[in-house]
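Listed below, chain by chain, are the residues.
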Amino acid sequence: MTRTLRLDGVDRSFGDRQVLNNVSFEVAAGRMTGFVGANGAGKTTTMRIILGVLSADAGEVSWGGTALTRQDRRRFGYMPEERGLYPKMTTREQVAYLGRLHGLDAAAARRATDALLERVGLGERGNDLLETLSLGNQQRAQIAAALVHDPEVLVLDEPFSGLDPLAVDTVVAVLRERASAGAPVLFSSHQLDVVERLCDDLVIIGDGVIRAAGSRQQLRDSYTVPRYELVVAADAGWVRDHPGVTVVELDGPRVVFDLPAGADEQPVLQAALARGPVRAFRPVSPSLTEIFREVTQ
Amino acid sequence: MNVTQATRLVAEREIRVKLRDRTFLFGTLFFLLIAAAGTILPPLLAGGPSTVAATESVAAPLRAAGLEVQVVPDDRAAERAVRDGDVDAAVVGGPAVVAMDEAPDDVVRALSSQPTVRLLDPDAVNPVVAFLVPFVFAFVFFITSQTFGLQIAQSVTEEKQTRIVEILVAAVPVRALLAGKVVAGAILAFAQIALIAVVAVIGLQMGDSGGLLTLLAPAIGWFVPFFLLGFVLLAAMWAAAGALANRQEDIAAVSTPVQFAVMLPFFAVIFLNDNDTAMRVLSYLPFSSPTAMPLRLFTGDAAGWEPIVSLVILLLAAGAFVVAGARVYEGSLLRTNGRTSLRTAWRERETIG
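Listed in order, the protein sequences are those of chains A and B. For what it's worth, this note's numbering labels the leading residue of the first sequence as 8, then goes sequentially. For what it's worth, this note's numbering labels the leading residue of the second sequence as 2, then goes sequentially.
Treat the hints as calculated values from the structure; they're not laboratory data. Glycine is no exception: its CB is placed at the ideal position from the N, C-alpha and C atoms. Hints may contain errors.
Claimed, not checked - What follows is a set of in silico ranges between Cβ atoms, one per label pair, in the way DEER data are often shown: (1) A/G130 with B/F27: 48 to 56 Å; (2) B/Q6 with A/D135: 43 to 51 Å; (3) A/S141 with B/Q260: 34 to 42 Å; (4) B/Q260 with A/G143: 38 to 46 Å; (5) B/Q260 with A/D171: 42 to 50 Å; (6) A/F21 with B/L229: 33 to 41 Å; (7) B/A38 with A/G143: 28 to 36 Å; (8) B/A253 with A/R82: 55 to 63 Å; (9) B/R17 with A/G72: 36 to 44 Å.
To be verified - Derived, one-sided and incomplete: chain A residues facing chain B with beta-carbon distance under 8 Å: (10) R80; (11) K95; (12) R107.
Just chain A, with the same shape it has in the complex (with noise of 0.2 Å):
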């Protein structure tokens, strides 16, 4: 069950504009896997390749080493970015129902909605029309239609985008359930504070190009000049004139500069100490904001 997912050189136009250029990377079973890049990015279309809703016009989408079949991607658990169930139906039978498209048999579809439903907090709610539902309650059964079937590998398109604070605790909760049991999983999101709490790993893509892939903390070593936070007890200027700093922000008492690559911190804090007290002298790590802004320009 602890397969890895990868795609590999996967291009995609539409018409004369191209998409996707050479995507690959992978998704590692067991992590959550944080899919960024600005709007128009390619995130989309990567992902309905990957479930095989829209075709590669070149590349490949393999799944523990080999080509992904229709059989396989029954097995995933998918979530686009535009949502919807059949407003008609109740909430248990069109979970129950998705379950049986992936292949469930009618009872084993059953016991899965009833579960899940209970779950996501919806277990009251199952016989009422979907529409009858508040538009939070509508997206609990919308994750619990992702997931009837018990999915291995899990592809979410925003799925946290318009959840309410609640509803995001579920999902992440399931989420890192579905991982730690093994499975690959990808979600992507602009909201990258959100990205940056969750994620195991990190591909970003820009203009239809994978501009970096890795784990969080590889991409924090590898994207960023060293820089440290100073507080000491008085006005903290004289830094400005310390060789080799070059000072982001100064406040006061508090100052936060970048050394050159390979430069000792050391000599800094001992010209602080010299001065006076030290309130705090810390490595300070770029946000995935600051990351992905770098990377994408």
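Place chain B on chain A using the hints.
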């Protein structure tokens, strides 16, 4: 799970949803009432034999003809009985028949001597029946393909409009979605017609018009395969129209050509059914053959091989339309922004696995 299983699941859902749809249920009920009323009422309304007033001297032949005779003392009393509405007619000296505004055929017949009638073509159909049957066939095909076809289109558009289609397409082949809808539509249409037919047959027997049934049986037997293929052909067009539309409101505009394909043959068969050449042509054209060919069989104008040839033509046409419809369906199903043109859908379809 293969395409067949997926098709069955899709069809099951369509049927289940439809069976809970009030409009559909009331519509069916309405047709059943019409069928019952249309077959049971006419013999009842025709009423019994006329009542007739007459003096005892002329009463005997009238009684012998099964009429209800009211014996009156003289001709004046007989005429008064008619004016008062006590009887339908009176027979007075002459003999003459007196009635208010309508000549009572049965009274006249009772008093006249009739020539022997020798029929040269005893199988020829009663003109009233001959007028009604084409209308019924054409009407049944028209109404059913229109209603159930439109429902297929609406169901396709609903999935597109609510965006659930992307989840469906990721789970099952597009062909299974299309086939499931067409199969479900055909099953529902057939079930509805069968139900109406059963009620009509019972009604005919209650109304004592059973003889018509024997006459109609072969035409109905042929109507079934013609209807089935004709329905599939139109259903493929309706599904494609539904996929081109993006919202329920667009269906009417997108499906205009389909509406014509249903309506023109209907009117052609209704208005041209006594024109032999026209009917011969119509009975081979795929859109009109489902009604025109059974009709020619009913009137006895078609040779034994003709329905088979026509059926083969219809089968080929239905096959071609299903393939073309599926292509348009696949090409437009995921284009959720705005109405898709037929050309775009045809050329830029996705090759979905």
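Check each numbered hint against the structure and report the violated ones by number, ascending.
Numbers 1, 2, 7, 8 - these are the hints that the structure violates, sorted from lowest upward.
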